[in-house]
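S.K.: Read off the chains here:
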Amino acid sequence: MTGIEYVRAADPSSAVALVSEEPDAAFLAGGTTELDLALKDRVVHPSRFVDIGRLPLRGVTRTGDHLRIAALTTMEELAADATVGARLPLVREALLAGASTQLRNMATIGGNLLQRTRCRYFRDPAVAACNKRTPGSGCAAVEGVARMHAILGAGPSCIALHASDPCVPLVALDAVVVLRDADGIRRVPLTAFYLTPGDRPDRETVLRHGELVTHVELPLLPAGTRSGYLKVRDRSSYEFALTSAAAAVRVDDGTVAFARLGLGGVGTVPWRAYEAERVLVGAPANERTYRAAAEAAIRDPFTVPGTEFKVELAKRTIVRILRTVTT
Amino acid sequence: MSSATTARSTEVTVQLRVNERTYPVRLDSTTTLLDALRDQLHLAGTKKGCDQGACGACTVLRDGKRIVSCLTLAAQCDGSEITTIEGLADDPVQEAFVRHDALQCGYCTAGQVMSAVALLREGRAGSDDEIREFMSGNLCRCAAYPNIVAAIREVAGGS
Chain A
0 MTGIEYVRAA DPSSAVALVS EEPDAAFLAG GTTELDLALK DRVVHPSRFV DIGRLPLRGV
60 TRTGDHLRIA ALTTMEELAA DATVGARLPL VREALLAGAS TQLRNMATIG GNLLQRTRCR
120 YFRDPAVAAC NKRTPGSGCA AVEGVARMHA ILGAGPSCIA LHASDPCVPL VALDAVVVLR
180 DADGIRRVPL TAFYLTPGDR PDRETVLRHG ELVTHVELPL LPAGTRSGYL KVRDRSSYEF
240 ALTSAAAAVR VDDGTVAFAR LGLGGVGTVP WRAYEAERVL VGAPANERTY RAAAEAAIRD
300 PFTVPGTEFK VELAKRTIVR ILRTVTT
Chain B
0 MSSATTARST EVTVQLRVNE RTYPVRLDST TTLLDALRDQ LHLAGTKKGC DQGACGACTV
60 LRDGKRIVSC LTLAAQCDGS EITTIEGLAD DPVQEAFVRH DALQCGYCTA GQVMSAVALL
120 REGRAGSDDE IREFMSGNLC RCAAYPNIVA AIREVAGGS
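As you go down the protein sequences, you meet chains A and B in turn. FYI, numbering that gives the first Met the number 0 numbers position 116 of the first sequence as 115, with every residue one higher than the one before it. FYI, numbering that gives the first Met the number 0 numbers position 92 of the second sequence as 91, with every residue one higher than the one before it.
One or more of the hints may lead you astray.
[Claimed, not checked] One-sided excerpt, in silico: chain A residues whose CB lies under 7 angstroms from chain B:
{"#": "1", "residue": "Thr302"}
{"#": "2", "residue": "Val310"}
{"#": "3", "residue": "Glu311"}
[What the hints assert, rightly or not] List time: in silico SDA-like cross-link candidates among lysine to any residue, alpha-carbon distance up to 25 angstroms:
{"#": "4", "chain 1": "B", "residue 1": "Lys64", "chain 2": "A", "residue 2": "Thr60"}
{"#": "5", "chain 1": "B", "residue 1": "Lys47", "chain 2": "B", "residue 2": "Arg7"}
{"#": "6", "chain 1": "B", "residue 1": "Lys64", "chain 2": "A", "residue 2": "Phe301"}
{"#": "7", "chain 1": "A", "residue 1": "Lys39", "chain 2": "B", "residue 2": "Thr12"}
By construction, these hints were calculated from the structure, which means they are not laboratory data. Even for Gly, the Cβ is constructed at its ideal location relative to N, Cα and C.
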C-alpha cells in the first residue's frame, strides 16, 4: 500500500485541474521514470497519479518545414515516423540509441524531456546529502563516487546529469515545448526550458506545477544538411551515454555554412554548444576546425576525479561526429 | 470529470484482458501489472527480475507491443490487450529456444521469448547485429546470448 491515489484524466483540461488542485499530484504518462522513482526507489512522494496515457495527444503532424509532435507519442513511434527518418536522422538515431525497445514503447516524448537524473545519490533515499531532493543538504556525488555525472552547467551544489538522448538533437534543432495550464498555452524554447542547478538544484525546469507538456515543435533541417548522433558508452547497447553528440552540418565548397551541435552525457541540462557552432560556421570543413570547435564546446568544465576523463572524451566525440557528417 | 466530487481512490477496479480472457480485479492503485499477473491472476510465467525496468525478465505485450510489466500499473492497462508467455503455447520461438538450448537457468527466458516474438513482428531480425541490438533490453546472466540469437535467427528464416 502506497496510499497514492490513481485517477484517469478524461481530457487535457481536467488533467491539468486534477494536478493543479493538489500540491503533490503528478502526471503519469509512460511511467518509466515516474513509477521507478515513486514506487521502487521511493525518492519522490506523489499523493496522486493523474494518468494522461489515454489523452488524444499522440502522433506527428507536418506543416511545411515544421513537425508538431504530440507529447504522448512514444520514442518508438517517433523513431518510426517517415519524416523524422528522412529529414532528421540525428533525432531518429538518438531515439533508437536510448533505453531498450520495451522502454521506448512506453516512454513518451513529453516524459523524456522531464526524465529525472540517474545520479545514484539522488535515487538512494538512504543518502541524506542531495540538494536536488532536499535543498541545502549538500551533494554526496561531489564528494563521493562519480562517473555518470555532468561536467558542464555543474558546480559544487550538484553534478547530476540530464541523461536523455533525444533531448540532445532537440536542443540542437531549437525545438519548442508547448505547455498548457488553466491560464492558457505558452511556448518555451527547449534551450530555455531547463535550469542549470546554481544554488537551487531542486528546480530543474521552468514548468509550473500542474502545467502539462502537450507538444514539441521541431523545425526540419534545411536541404543539403547532413546530421547524425554519436553515443559513447560503457557497453554497446542499452546503456546511458558517457558522452554523446548530435550534429547537423552543411558544407558549401569546403566551408561550413550551417552548424548545429548538441551534447549529451556532459551537461546538467541537455547541452547546446553555441560556442562550437560559432567556431564552425565560416571555417574550412577540416579536422583542425573540428578540434577548435570541440575545445570551444568544453571550456571551463567542472570536474571531480571520477569525471575528469569526460573532458577529452567529449572533445573526441565532437570531432568524430563532425567528421562523420561531413565526409 | 469534476475534481470537487472526486473521492480519493487508492483502490481501483480494473478489467484486465490477458491472453484473450477478461479478469475483473480489485487492486491497490499502485499495483504493477507484473504483480497483478503473478499474485492476483496466478499467471506466474512472467518473471520478476530487477523490478526496476533494467532486466526485461517481466516483458509482456500490451496491444501487441513489448513493454516491461514492472514499470506499468495494472490500472494503466484497463482496456488493453495483454499477452503473456502463457498465451504463446506452441509458439515457434519457444520451440526454437528449446532446439538451440537458448537458456541455462531459465529465469529470463519468458521475457526473452516475449521480446523475441515482438522483435520478429517489428521486422528487426535481419542480421545477428540487429537481433543483438534490439534484444538488448533482455539480460541473461547465464550469458546464453549466442544461442538466443541463433534461435531467433532460425525463426526469422536464417540458418
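S.K.: Against each hint, give a clear statement of whether it holds in the structure.
M.R.: Now the hints, each set against the structure:
Hint status for A/Thr302: violated, given a least beta-carbon distance of 28 angstroms to chain B, over 7 angstroms. Below 7 angstroms, beta-carbon pairs count as interface contacts, and A/Val310 has none with chain B, the closest being about 28 angstroms; its hint is therefore violated. Hint status for A/Glu311 relative to chain B: violated, with the closest Cβ pair at about 27 angstroms, above 7 angstroms. With a C-alpha separation of about 23 angstroms, the suggested pair B/Lys64 and A/Thr60 falls inside the 25 angstroms cut-off, and the hint holds.
A C-alpha spacing of about 30 angstroms is found between B/Lys47 and B/Arg7, which places the hinted pair above 25 angstroms, so the restraint is violated. Among the hinted pairs, B/Lys64 with A/Phe301 is inconsistent with the structure: their alpha-carbon atoms are about 42 angstroms apart, more than 25 angstroms. Restraint check for A/Lys39 and B/Thr12: the C-alpha separation of about 23 angstroms stays at or below 25 angstroms, so the hint holds.
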